[in-house]
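Given only the sequences and the hints, what does the whole structure look like? Please build it.
Residue numbers (this note's numbering), protein chains in the order written: chain X, 1 to 210; chain E, 211 to 519; chain R, 520 to 1183.
Just so you know, these hints were derived from the structure itself, not from any lab. It cannot be assumed that every hint is accurate.
[As the list claims (entries may be wrong)] Residues of chain X clear of chain R, computed beta-carbon distances all greater than 10 Å:
no. : residue
1   : 26
2   : 88
3   : 99
4   : 104
5   : 115
6   : 122
7   : 127
8   : 128
9   : 130
10  : 133
11  : 144
12  : 155
13  : 161
[What the hints assert, rightly or not] Partial pick of chain R residues on the chain X-facing surface, computed with a CB cut under 7 Å:
no. : residue
14  : 537
15  : 716
16  : 746
17  : 765
18  : 768
19  : 770
20  : 1101
21  : 1147
Cβ atoms here follow ideal geometry from the backbone N, Cα and C, with glycine treated the same way.
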Amino acid sequence: MSVTRGQRAAASKRRAAPHRRVPPSGRTPAWWGMVMFVTTEGMLFACVLASYFYIRFSTRGPWPPGGIENPELTKPLVMTALLVSSSGPMLWADWAVRHGRTGQLKGGLALTLLLGATFLGLQGSEYMEKFKKFSWSENVYGSLFYGITGFHGTHVAVGLVMILFTIVAALRGKFSAKRHERVRLVAFYWHFVDAVWVFILFTIYLSPKL
Amino acid sequence: GGAAPSTLSPAGVGARRVAGLWWLLFGISVVVAVLVAVLLAWVMARRTRAGVHARTGSGRAFVVTMGVVLPAIVLAFVYAVGLRDLRDLAVPRDPHALVIEVVGHQWWWEVRYPASGFVTANEIHVPTGSTVRLRLSTADVNHSFWVPQLAVKTDLIAGRVNEMWLRAEHDGVYRGQCAEYCGLQHGHMAFHVIAQPAAEFASWLAGQARPAAVPAGGAPARGLRVLEASSCAACHTVRGTRADGKVGPDLTHVGGRRFLAAGAIPNTPGYLGGWISDSQSIKPGNAMPPQPLAPEDLRSLIAYLGTLR
Amino acid sequence: MSIADAAGAYRAAEEAAGERVARHWPEGHGLRGWITTVDHKRIGRRYMVTAAVFFTLAGIEALVMRTQLTLPEGKVVSPGVYDQLFSLHGTAMIFFFATPMLFGFGNFLLPLMLGTRDMAFPRFNAFGYWVFAAAGLFMFSSLLFGVAPNAGWFAYVPLSGARYTPDLNLDVYSLGLLFLGISTTGSGINFIATALKLRAPGMTLSRVPVFVWALVVTSFMVVFALPPLNLANAMLFLDRRFGTKFFVPTGGGDALLWQHLFWLFGHPDVYIIVLPALGIVSAIVPTFSRRPIAAYPVIVLATVATGIISFGVWVHHMFAVGLPQLAMTFFSAASIVITIPAGIQIFSWLGTMLLGRVVLAVPMLWALGFILVFVLGGVTGVMFAIVPFDQQSTDSYFVVAHFHYVLFGGAVFPIIGGVFYWWPKFTGRTTSVRAGLWSFWLVFAGFNLTFFPMHIAGLLGMPRRVYTFSPGLGWDAWNLLSTAGAYLLAVGLLVTLSTLLYSLRRGAPAPPDPWGGETLEWATASPPPTHDFAVIPTVYSLHPLWDQRTLDSFHEESRSPLHVQADGHDVLRTTELDAEPQLGVEMPEDTPVPFVAAFGLLIAFTSLLLGGYLAAIAGAAVFGFSLMWWLWPRDRPGSSGGGERRGEGEGGGSAGGEREEASA
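Okay, here's the thing in structure tokens:
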């Protein structure tokens, strides 16, 4: 037995060596939890967008149906720019906290929060305009339009609550170079919400023009 | 009534093909089940007491041979047979085929013969030996058109029109039933396909195309007046009278049908009377409210409806 | 020192470190302990008991249905009640019995089989149970108010739409399943994270028990398959309550979209139920064949392949809806291909038994009975992959027969076998062999008598979901037989239940390893202590307890702080592929927050059902705030300053003292 133990100890030493150099040693269960959560959410969005195309291509006649006009592009493109660029400060915040720069962490989070909130504000103003033209119960296009964008908007709102939560925790000094996983997980979710929007932009706003 | 609507006593081209497929699949299944049962029996026969450790060895060759190679060969064969049958059962492009439109309702079947311009219900007459095309749609929820002895089933999907075909090989009455759950009376949504010789079918067509006969007098004449005066006329059509409702089945030739209420009861004066006065006790939830008619009116109405052949 | 067997390994580890470790793993008592516990074993047992209650209720529903169908034109229940019974029976058996029961097995066994002390997210685990229990209450109580789901477990539109079912029945359905979906998804994610990160050192992917593989594949399937169902139910609820037109043909919506989304979930769900059950069989068969499972890599590949292919077969539930032939040929081929991995599993068990020597204990009898009925369900399953045969027999009683052979034969048989197998581990008691034999043979006979005649009734043209049938159609005798079988089956299940309850009160105390099992759970006490393992073993083979080095590791590793983790409420985190040790992870203590969060959701969903939208928002707020309370980064006693403490390890793989806090 002692021979085996010796061999194993030596092998473990070889294996253990790389972990010493890189401080965050491997992924945590929580990291995997967030990855799987985002995966299942991604599947949800994939299904809702697939439903859009299924209904679009099984509809005879013009699309959008019922005399609804093709969506305007200006505002959605501004919204896209806001949301996609909000991933930048989020990356910055994540980097900052890992290097112990908690001041920059708060700045990055606050900037992300601001960009995200502006996105939601613009979406609200777009709804105001659209409501004058059609509602969700008008026909299936209305249902899909408000359903998909509203569902995504809800995700943005949840993401903003998560960021706010993280900011409060950061202000209370809960994060440091050694303790930052929550920031990383929130960032992960936020990047996902941003990325999904690009697909929604394509589906709802660009694809009817193809 | 009638014989069992068995998929294994086919009387139509499609059903015969599938019955053949069934016997093939059944045979293979028996072989597989017996093989597994024999292996299990053998295993149990040479069982042992606890505590004995048996020989190891991976067993991979056994698993791959029995679990992958053999099944793959059998399944490929079965799949090919299935494809052949699927191709042969495709809707034929025969422009001269008789077209019948079937519209599903909760819980009865509207049957239209567009070339002859009449509508009937729950009974589909077809000429034996000819291909008949069916155009299936629904007025409300999904249903499914299934005559096990004649052809495979096809669903009636809300917002769509599906096509299928059937060809009866022998004269006879074949029972069909809705096979897609469609609410409260899904269990009582049957119909009958009556395959008859071409000449008989032609005369049936001609008879159905005619409006209802005007009764000469007596009880039937009184019954017609009851029909037109009561709420019957608001829901049912009897061509040639003032009854032109579109909610319930067309009754122009109801007297000639074998069953009432989509196969729920036989078409006899007694059942008909019971149905008219309180159909809810026979088929709860159906759309027809109870008809409180005076006994004399009811008798006349039954007599009149009996004349509508 | 050389350790003889699993019981010896357990004793050696407990002697070496049991007291030190147990200090940090207290067990809560009383009502407070009952509500606040996050122990995977208590939660697992709770899942199983609750699922068994739902099984009983749904079984009684089935018995009433069979009574109604004893004779033609039966008048036992009204058609309206019958429709609620069969809809709730299906919904409950699929969603509230089969999956939660198997997840209960998973909850109890996964950490034990992996050689760790809890699930990756214990609080989330507790939350998942409370949500499941609340959703079950939500669903079943609807029967008392006469608004149970009544459009079948598949709830096809437009019948399930507001126009044809205006009452609350289908709102109960859609909201109930959305509510439950939170629990199922959460459990799936928890299983994945646990299996990836908390395996005992040395348990590389090629040494993971087949049951764990099955559960992990199932969990991945949950992650991918539940979204289409949730989406469909959300759209159905919006259609019914807020007038959207997703499924309304007159508004441009599409009735087939529901079917696609439902079956995109529904067919994988068959395997979500069956795979873990097959995993149970893969645990039972080697133990009672006295040898490791045959062709382990092949059966693992088959399990993974089943999970993947199952997403490409959903259209075989829709062969009669009028699809293009080309589409049908593709889905027919996929449906045929998926039978191959199932065949692999069958022959892997048969191979194990043929190469080994079978010990005919009660759990093994259930496994053998399972193989026979599952093969019968499998061959009829192949038939449904052949399009013309499917079109002829779909929606007939032939299907009812088929899927009961697959689901009752393929899931309930292994579940009962698994209960007998792990009963000593679950409860610390042994069961009577004689009673176990009676229970098996009664259930086996009753099952076949109930469901075999349904094949024939179906071939004779009897459609399913009918509340009654007309006499003289050739169906009478077969229905009579089925009903007789159903009562026999009920008697068999009662005997099973009594056997277990009797054992609970009077059964002899069970030793740690009554069967001579191969996987790690048998190297714990029966039932295991709160901390499961005093010493985290090192795993050297696929069948660790039949392996001298692994047995010895229970004693040897007691000198390694990394393997003992006695400094706190800790488990050991390892790498995903090779299970090399990384860090200690601090696990959360007992807490009432999961209970409160689930209660908030119950209020939210009930209010949504009844149209009280402000109350729904309040309930959701309770949920949201408890979640924040729960996730707030706290300083714990024992963690100096930050959550993570990273002392310099002394090398040799035993970086003692390193730990990090848990996140969920």
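A quick look at each hint next to the structure:
no.: 1; hint: 26; result: violated, 5 Å
no.: 2; hint: 88; result: holds, 25 Å
no.: 3; hint: 99; result: holds, 15 Å
no.: 4; hint: 104; result: holds, 19 Å
no.: 5; hint: 115; result: holds, 23 Å
no.: 6; hint: 122; result: holds, 23 Å
no.: 7; hint: 127; result: holds, 15 Å
no.: 8; hint: 128; result: holds, 19 Å
no.: 9; hint: 130; result: holds, 15 Å
no.: 10; hint: 133; result: holds, 16 Å
no.: 11; hint: 144; result: violated, 7 Å
no.: 12; hint: 155; result: holds, 13 Å
no.: 13; hint: 161; result: violated, 7 Å
no.: 14; hint: 537; result: violated, 22 Å
no.: 15; hint: 716; result: holds, 4 Å
no.: 16; hint: 746; result: holds, 4 Å
no.: 17; hint: 765; result: holds, 5 Å
no.: 18; hint: 768; result: violated, 9 Å
no.: 19; hint: 770; result: holds, 5 Å
no.: 20; hint: 1101; result: holds, 5 Å
no.: 21; hint: 1147; result: holds, 6 Å
Violation of the numbered hints given earlier is confined to hints 1, 11, 13, 14 and 18; the remaining hints are satisfied by the structure.
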